[in-house]
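> So the chains spell out like this:
Number of protein chains: 2
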Amino acid sequence: MSKLSGFPEFLPADRNAELIVLDHLRSVFELHGFASVETRAVETMEQLTRKGEIDKEVYTVRRLHAAEGETVDVLGLHFDLTVPFARYVVENAGKLEFPFRRYQIQKVWRGERPQQGRFREFTQADIDIVAKDELAFHFDVEIAQVMAEALSGLPVPPLTLQVSNRKVLEGFYLGLGLAEPTAVMQVVDKLDKVPADKIAELLRTDAGLTPEQATACLALADIRTADTSFVERVRALGVDHPMLDQGLDELAQVVAACGGIDGVEIVADLRIARGLDYYTGTVFETRMAGHEHLGSICSGGRYDQLASDGRSTYPGVGISLGVSRLLVPLVAGGLTADRSVPSAVLVALVDEDGRADSNAVAQQLRSRGISTEVAASAQKFGKQIRYAERRGIPYVWFPATADGAHQVKDIRSGDQADADLDVWTPPNIDLRPRIKEQNA
Amino acid sequence: MSKLSGFPEFLPADRNAELIVLDHLRSVFELHGFASVETRAVETMEQLTRKGEIDKEVYTVRRLHAAEGETVDVLGLHFDLTVPFARYVVENAGKLEFPFRRYQIQKVWRGERPQQGRFREFTQADIDIVAKDELAFHFDVEIAQVMAEALSGLPVPPLTLQVSNRKVLEGFYLGLGLAEPTAVMQVVDKLDKVPADKIAELLRTDAGLTPEQATACLALADIRTADTSFVERVRALGVDHPMLDQGLDELAQVVAACGGIDGVEIVADLRIARGLDYYTGTVFETRMAGHEHLGSICSGGRYDQLASDGRSTYPGVGISLGVSRLLVPLVAGGLTADRSVPSAVLVALVDEDGRADSNAVAQQLRSRGISTEVAASAQKFGKQIRYAERRGIPYVWFPATADGAHQVKDIRSGDQADADLDVWTPPNIDLRPRIKEQNA
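Going down the list, the protein sequences come from chains X and W. Here the first sequence is numbered in our numbering, starting from 1 and rising by one per residue. Here the second sequence is numbered in our numbering, starting from 1 and rising by one per residue.
It cannot be assumed that every hint is accurate.
If several chains are the same, the list does not tell them apart, and a pair holds so long as it fits within one copy or across any two.
[As the list claims (entries may be wrong)] Calculated pairs, DSS-like style, for lysine-lysine (alpha carbon to alpha carbon, straight line, at most 25 angstroms):
1) LYS3 with LYS107
2) LYS3 with LYS132
3) LYS190 with LYS3
4) LYS198 with LYS3
5) LYS132 with LYS95
6) LYS383 with LYS132
7) LYS95 with LYS380
8) LYS383 with LYS436
9) LYS383 with LYS95
10) LYS95 with LYS436
11) LYS95 with LYS3
12) LYS132 with LYS380
Keep in mind that the hints were calculated from the coordinates and are not lab data.
Build the full structure now, drawing on both the sequences and the hints.
Given below as structure tokens:
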């Protein structure tokens with residue numbers, strides 16, 4: 001029995017760390033009024049292959065003993081949460097209230113070759129705001145703020161939220177007199193992998209730009225500022241276009257709104273275009289310090305047509321966090337929780353006849369929200385304490401005996417003292433598992 | 001675009017009801033020290049077909065463009081959470097602490113024909129306690145108590161937790177002098193579908209029982225008590241066997257321990273055998289009042305060999321709640337939450353220039369844990385109130401103007417009053433979505 005490559009699973013303490021992350025994300029999303037949606041794991045192949053380009057990564061699903069004549073390969077596992085959400089919006093449009101804010105935290109599957117940072121099954125956390133016919137720009141700002149706030153509370157290295165705006169790029173190219181801005185964008189988008197002089201050459205040979213135009217495009221892509229000063233730097237390139245004006249204004253609003261968030265630096269980065277996706281305005285990517293090789297761990301943007309049912313279109317803005325892409329390498333590097341169980345207290349067992357008493361103590365503690373388990377067997381107290389220690393349970397409770405009061409021991413400090421069963425509560429910080437200090 | 005039969009999805013308010021249920025289950029499981037485990041959705045077909053009987057229900061998974069020569073149908077979606085958990089235990093045995101309590105709340109898939117109460121994708125919530133080599137009987141009692149407590153807090157019709165014990169049945173049959181107790185159990189197990197006189201006939205013709213033996217078996221299966229008086233009734237049948245003694249003692253302990261739980265009646269029911277599963281002691285089934293046609297919505301028991309790796313065996317006791325089987329029909333019947341969003345407050349917008357002020361109000365409320373959204377546009381206040389109403393948001397906050405203080409309106413009562421932004425908090429009951437009173 002060997003592990004399946006590309007399908008990560010966590011041990012209990014690591015799963016507790018993941019739960020801390022997922023709970024935090026959910027909490028921030030809900031504080032901002034995002035409703036939970038969960039869609040089925042499968043979509044029709046027609047739905048999944050609509051975009052065309054990703055079909056080779058789809059896992060198809062069929063009944064092992066499909067009936068004679070039963071059409072095969074009609075269903076596949078979803079490879080992201082955007083396609084199912086678009087389908088859900090159209091399918092339920094009459095019953096949803098727009099603008100509709102939703103978060104969705106689910107597994108997705110891709111039949112890719114497993115490699116570092118790429119999995120065949122992984123968890124994503126998406127937020128989107130979708131409207132009918134029109135979606136005001138302030139929702140772009142909101143999406144950026146909510147995800148920045150969510151990222152800010154994560155137990156991860158510093159993050160950089162890179163923001164750009166397609167209208168800045170396209171308006172700039174149009175202002176330069178280029179006929180096919182999208183083609184130019186797709187060339188410039190390769191700057192991550194291809195050296196700038198090679199890009200300049202491609203812009204001249206493939207996209208038909210003059211050397212001056214190519215130089216201007218590269219100068220634009222080189223602009224990166226942690227505040228709104230990018231506006232002046234773009235202006236200094238001397239290009240004018242109404243779409244450029246609008247894009248700069250939008251991008252400045254997003255950057256200004258997301259400043260000063262702990263652990264998340266916001267950067268206007270005009271290299272970011274997300275060339276192959278159908279974004280029409282704001283675009284996001286996110287890098288994690290020391291893990292740049294993972295690529296963007298949180299990406300998204302504005303799309304003027306998330307979905308359409310023929311009569312109405314549904315514009316949206318959203319961003320998707322790759323929870324597994326973020327966590328699996330961090331857990332491999334030592335990120336974990338301080339316990340493998342939720343329990344804050346182990347109630348010791350004097351002898352097997354005392355199990356009812358120990359159970360009653362545990363139930364009393366649980367009634368105050370304290371996660372508690374009772375020792376599995378009446379071993380010597382030293383062994384029961386080690387039982388707690390191995391699981392990271394911080395407190396051991398010794399039930400009252402004929403000779404004495406209830407006592408509770410903090411097994412980290414070794415302190416043991418009388419305790420009142422009706423009022424004793426651990427400090428808040430010990431109530432639930434938390435992220436373990438590394439190198440501690 | 002039509003909905004896929006057998007793959008239920010919830011609208012946001014219904015999903016909020018589901019979240020209330022899932023959060024409650026998780027909370028009870030964690031209070032009792034059960035650790036969360038999440039396993040991958042796929043298992044090898046070898047693993048899934050180990051038991052042999054269920055293979056026709058498996059969904060196989062393969063890459064749409066599997067490489068030339070790539071073995072096909074090696075993976076399938078899990079059809080329960082027991083098979084993956086058994087695999088997880090053996091795979092990680094060296095890193096787990098035994099006895100190991102785990103809960104697992106995940107989707108499972110079965111390629112069955114969809115029908116009422118049966119789905120192709122559904123959510124299960126399982127708890128199990130597993131040990132290495134030996135698992136003390138008190139864990140059977142614990143599993144029953146924890147699930148009864150979890151069921152007790154659900155917004156569902158009254159539940160009956162039916163408990164039996166294989167040792168009672170097998171010991172009784174052995175005491176009657178029957179050579180093949182398992183064969184008898186499998187016949188008696190059909191009492192749900194087949195009339196008693198037909199069962200008596202089958203016991204005589206197929207299992208070779210005397211008329212007296214068949215009558216005794218049916219008399220045993222007829223015993224059903226809400227307390228431990230079943231022991232006397234079994235004794236009155238005049239059969240003796242050490243295994244019967246042990247089974248009666250175990251069953252009495254479980255029944256005695258689970259009495260007096262609100263909304264969950266515990267019944268010792270000697271008709272329950274779960275004939276086709278590999279249980280060896282305690283067995284559980286659960287019926288919901290008014291929904292008996294759904295069958296058992298929560299089942300499980302003791303298995304002396306959950307898993308084995310050749311050197312060690314891992315006995316376990318567990319119970320699995322069919323969350324979707326329970327909720328989907330109740331939601332279809334009107335069970336839902338009082339809101340389609342998590343938001344407790346909608347902050348109104350005086351005009352678009354006031355958005356920053358309204359955002360600041362919202363952020364201040366969020367900092368106290370109050371889920372808050374800001375109106376999408378500066379419509380007339382009446383329209384903004386209706387925006388909240390349509391989503392079930394109970395409060396609308398009107399930011400302070402030059403002329404006056406902040407005000408908050410409870411849109412259910414219509415009461416509107418000045419409010420202090422630094423301290424105002426809704427009553428606890430309004431903080432989060434809750435189950436909507438039906439017919440209210």
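> Please go over all the hints and tell whether each is borne out by the structure.
Hints, one by one, checked against the model:
1. Taking identical chains as interchangeable, the C-alpha atoms of LYS3 and LYS107 lie at most 25 angstroms apart whether they share a chain (18 angstroms) or sit on different chains (21 angstroms).
2. Taking identical chains as interchangeable, the C-alpha atoms of LYS3 and LYS132 lie at most 25 angstroms apart only when they sit on different chains, with a minimum of 21 angstroms there against 45 angstroms within one chain.
3. For a Cα distance limit of 25 angstroms, the shortest separation of LYS190 from LYS3 qualifies neither inside one copy, at 35 angstroms, nor across copies, at 40 angstroms.
4. Taking the shortest Cα distances, LYS198 and LYS3 never come within 25 angstroms of each other, neither inside one copy (43 angstroms) nor across copies (49 angstroms).
5. With identical chains, the CA atoms of LYS132 and LYS95 are at most 25 angstroms apart within one copy only, with a shortest distance of 12 angstroms there and 51 angstroms across copies.
6. Taking identical chains as interchangeable, the C-alpha atoms of LYS383 and LYS132 lie at most 25 angstroms apart only when they sit on different chains, with a minimum of 17 angstroms there against 63 angstroms within one chain.
7. For the identical chains of this complex, LYS95 and LYS380 are inter-copy neighbours only, at 23 angstroms across copies versus 61 angstroms inside a copy, given an alpha-carbon limit of 25 angstroms.
8. In this assembly of identical chains, LYS383 and LYS436 lie within 25 angstroms of each other by CA distance solely inside one copy; the values are 24 angstroms within and 49 angstroms between copies.
9. In this homomeric assembly, LYS383 and LYS95 come within 25 angstroms of each other (Cα to Cα) only across copies, at 19 angstroms, whereas the closest approach inside a single copy is 58 angstroms.
10. With identical chains, the CA atoms of LYS95 and LYS436 are at most 25 angstroms apart between copies only, with a shortest distance of 18 angstroms across copies and 44 angstroms within one.
11. With identical chains, the CA atoms of LYS95 and LYS3 are at most 25 angstroms apart between copies only, with a shortest distance of 15 angstroms across copies and 43 angstroms within one.
12. In this assembly of identical chains, the alpha carbons of LYS132 and LYS380 lie at most 25 angstroms apart only when taken from different copies (20 angstroms versus 67 angstroms within one copy).
The structure does not agree with the numbered hints 3, 4 stated previously, though it agrees with the rest.
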